[in-house]
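Novice: So the chains spell out like this:
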Amino acid sequence: MAFMHPAAFAGLLLLAGPLLVHLLLRHRARRVPFPSLRFVRTSRTAAVRVRVPSDLLLLLLLLLRLAIVALAVIALAQPLLLAPARIARWNTRLARAIVLDVSESMKPMASAASDFADGEARSASFAFRIEADHLENGLSRAVAALETAPPALREIVVISDFQWGALRRAVLGTVPDGTGIRFVQIGSGQSERLVTGPDLLGVGASARRDYTLSQNATGLRARVAQPEAAGLLLLAGPADAGAIRALQRALAAAGTPAPSPAEPLAVVFAGAPAQVVRALDTRWMIETAVRMKADVELATACAASEAVARQSGDAPWHVLRRDRKGQAIVRAAAAGPALLIDVAAPPSAFASAAVVRGALIARQSSTARPEHEVRSMPGADLTALTRSPSPLKTYVPGPGQVADSRWCWALVIVLLAFEVVVRRERNVSRQEGCADAA
Amino acid sequence: MLDPVLLSAIGDLELVARVTVDGTISGLHRSPFHGYSAEFNQYRHYRQGDDFKYIDWKLFARTDRLYTKQYRETTNMVAQIAVDASGSMAYRGRTGVSKIVYARLLAAALAHLMSGQGDAVGSVVYGAQIRQYIPSRTGATHLRALLIGLTRLEASGATAAAPSLARAIDWLQRRGLLVVISDLYDEDDAVERELKRAARIGHEVAVFHVLTRDEVEFPFAGDVEFEDLETTHSIVANPRSMASTYRRDMEDFLERWRSRCASRGIDYIRALTDAPLDAVLRGYLLKRRARAAR
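In the order they appear, the protein sequences are chains D and L.
So the first sequence is numbered by numbering that gives the first Met the number 0: it starts at 0 and just counts up by one.
So the second sequence is numbered by numbering that gives the first Met the number 0: it starts at 0 and just counts up by one.
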């Protein structure tokens, strides 16, 4: 027997009710020695008769009441009789969750994959279609979807090109044991792909790298993307012109991402003229500032430096970093269309280079690289991970199942009737007991 | 009025008996128990209520004062006082004294009264069987022994009055007085049969039906487990719902005993344990005298 709402068993605490009534009523009677009981009659409202045969009836009454409460609780817990025929009927049905990979790499095969998914859905008794960019996310959604399915065999079908690294074995461990898993690999024949890398900062120009990915080799070709590094303005005193050039060379050598003309950065060093600024008010500026605050390398560099001028952290400025003495050394604000970063250090300082590089890295949003992978998971690996759904042996929670509570309720009614009979019988017994005593 | 609670606090049963009897006799027109012959004993100042025939008119003529003559009556009567000492007699209601104490006081007063008049008096204490028997004799020494026996009276156990009463009746060798002091919770027919037999063979019989007020009025409330003092039975009942039935049954019981006794010429006196002892005794004596006058 299984229960669809086991939480209802908390209602068994109600069993304390009849017990308490029984115990309290027993103790409620005041004991009075009396010369003769020949005229004393037990009355209907009298609680109990003590040390006379109706004690047995009282015990029976208590047991009946306990049974009634217990059965009512069981009925509320929605019992399900697990007859072999019922379990066999469940095992003839199939609940299937179809995880369809709709990532970038699957776009050429989207139509074929969708048709295949439709076919899989039609052949199941209960089907859930889940479209996901990431297979691991899709799998967890499939597990959750199958938990809402009625009792049936359960299976997850994953339709994807299964790029290398798209699926980890650990994620498959989250799928319940009895649930079958099947992998349908589509479009695994792609042999080569051209991927363009991010622009990199150069001296007087930005560089771009094109990667050619094939099954066995990776090719790299670099070219000039923009003649000038537009979008980055470095402001310092006249005496620091040489230091600025040295800084640009150092950043180019370190492989720093190139700035974007659409999201310009202005870095002001100590000695530069003051700028008219306002508070950060654009989404990309705020995101960049937040990423800079989380940059560990930048934090380390600033903590080892010392500000050469006192900076105010008051609005509209937003302090991003402090030096080793706790003084503000890097602060940010908006100036025209640009994100202005004020550094209280000369451009020749290590902290200055770390700030410019950190700002350029922070400005660049991360992009998903696994989609560029051209290798697929080997079919043998997928076969090894495949498993069939296990036949159900017991109830699996799910909707659409009618419980067998009606039998419990019927029994409750019968016991209630019996309780009435026993109660009357006990009253009669008490009357007779009184007559005997008299 | 002699409050039984007050009397029960006096340890000296002889004193209690004397006080009770003195209070009872005073005012009665003549001595309650008559002998065949009476010899002059002493003069006493006339008190209101004294019978005129005992006034010594010659003495009045000489002294201009009223004196009544008192006689010592010679014994002619043998009395047996049967006291029920079963467990039910231990009951003490919310007022008065326990039934056994009341019975003890009553028996002592009666014994003192009879002994004072020269009658032979004895006692039988019974429960399920006879526990104590003191034969009927006269004299102050015997009375003291009888009162000591009554002092030791304890109520316990079951009751079976009929065989004990049968023995007591047999011990009254000639026509005499049988006084039964009991709550009569027993086999009614068997007890009645013995009392009837006693009356038939010529004994004078008096029944003091000793009860507490709680037994008659049944003033209980709430669920109560009534425990029988004589048996192991107990019943839990709600007095409020059964009080009227109880009172009716009790009234029937009392009326049945009253009519049974009346039909057999037996004096029946109902004595509630909170009633003044002298009033009960006086009631009995007046009733007895009225019957003698008939």
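In short, the hints are calculated from the structure, not lab data.
Positions of the beta carbon are idealized from the N, C-alpha and C atoms, including for glycine.
Careful: at least some of the hints might be erroneous.
[Said to hold, decoys possible] Ranges between beta-carbon positions, derived for each pair: (1) D:ARG30 with L:ARG136: 41 to 47 Å; (2) L:ARG239 with D:GLY16: 24 to 30 Å; (3) D:LEU19 with L:THR94: 55 to 61 Å; (4) D:GLU424 with L:THR231: 33 to 39 Å.
[Stated by the list, open to error] Some, not all, of what chain D presents toward chain L, calculated at C-beta under 8 Å: (5) PHE2; (6) VAL31; (7) PHE33; (8) PRO34; (9) SER35; (10) ARG37; (11) ARG40; (12) GLY230; (13) LEU234.
[Said to hold, decoys possible] Derived coverage of chain L by chain D (criterion: at least 3 residues anywhere in the stretch with Cβ under 8 Å from a Cβ of chain D; other residues may be distant): (14) 215-227; (15) 245-256.
Novice: Regarding ARG239 (chain L) and GLY16 (chain D), is the given constraint of 24 to 30 Å on their beta-carbon distance met?
Specialist: Given a distance of about 26 Å, which is inside 24 to 30 Å, the answer is holds.
Novice: Does VAL31 (chain D) hold up as a contact with chain L if the rule is Cβ-Cβ below 8 Å?
Specialist: 5 Å, holds
Novice: That 55 to 61 Å hint for LEU19 (chain D) and THR94 (chain L) (C-beta), does it hold up?
Specialist: 37 Å, violated
Novice: Should the hint that SER35 (chain D) touches chain L count as held when the rule is a Cβ pair under 8 Å?
Specialist: 4 Å, holds
Novice: Given GLY230 (chain D) as an interface hint, is its Cβ closer than 8 Å to any Cβ of chain L?
Specialist: Violated, because the Cβ-Cβ distance from GLY230 (chain D) to chain L comes to roughly 95 Å (cut-off 8 Å).
Novice: Given that the region 215-227 of chain L was listed as covered by chain D, double-check it with a C-beta distance under 8 Å for 3 or more residues.
Specialist: Held - the region 215-227 of chain L has 8 residues with a Cβ nearer than 8 Å to chain D, which meets the minimum of three.
Novice: Return the status of the interface hint for PHE2 (chain D): holds when the least beta-carbon distance to chain L is below 8 Å, violated otherwise.
Specialist: 41 Å, violated
Novice: Let's test the interface hint: is any C-beta of chain L closer than 8 Å to that of LEU234 (chain D)?
Specialist: 98 Å, violated
Novice: Hint says 41 to 47 Å; check whether the CB-CB distance for ARG30 (chain D) and ARG136 (chain L) agrees.
Specialist: 45 Å, holds
Novice: Is the hint on ARG40 (chain D) kept, meaning its closest Cβ partner in chain L is under 8 Å away?
Specialist: Nearest chain L Cβ about 5 Å off; hint holds.
Novice: For the region 245-256 of chain L, do three or more residues have a beta carbon lying closer than 8 Å to a beta carbon of chain D?
Specialist: holds (count 4)
Novice: Against chain L, run the beta carbon of PHE33 (chain D) and see if the smallest gap drops under 8 Å.
Specialist: It holds, given that the least Cβ distance between PHE33 (chain D) and chain L is near 4 Å, below 8 Å.
Hints 3, 4, 5, 12, 13 from the earlier list are contradicted by this structure; the remaining hints agree with it.
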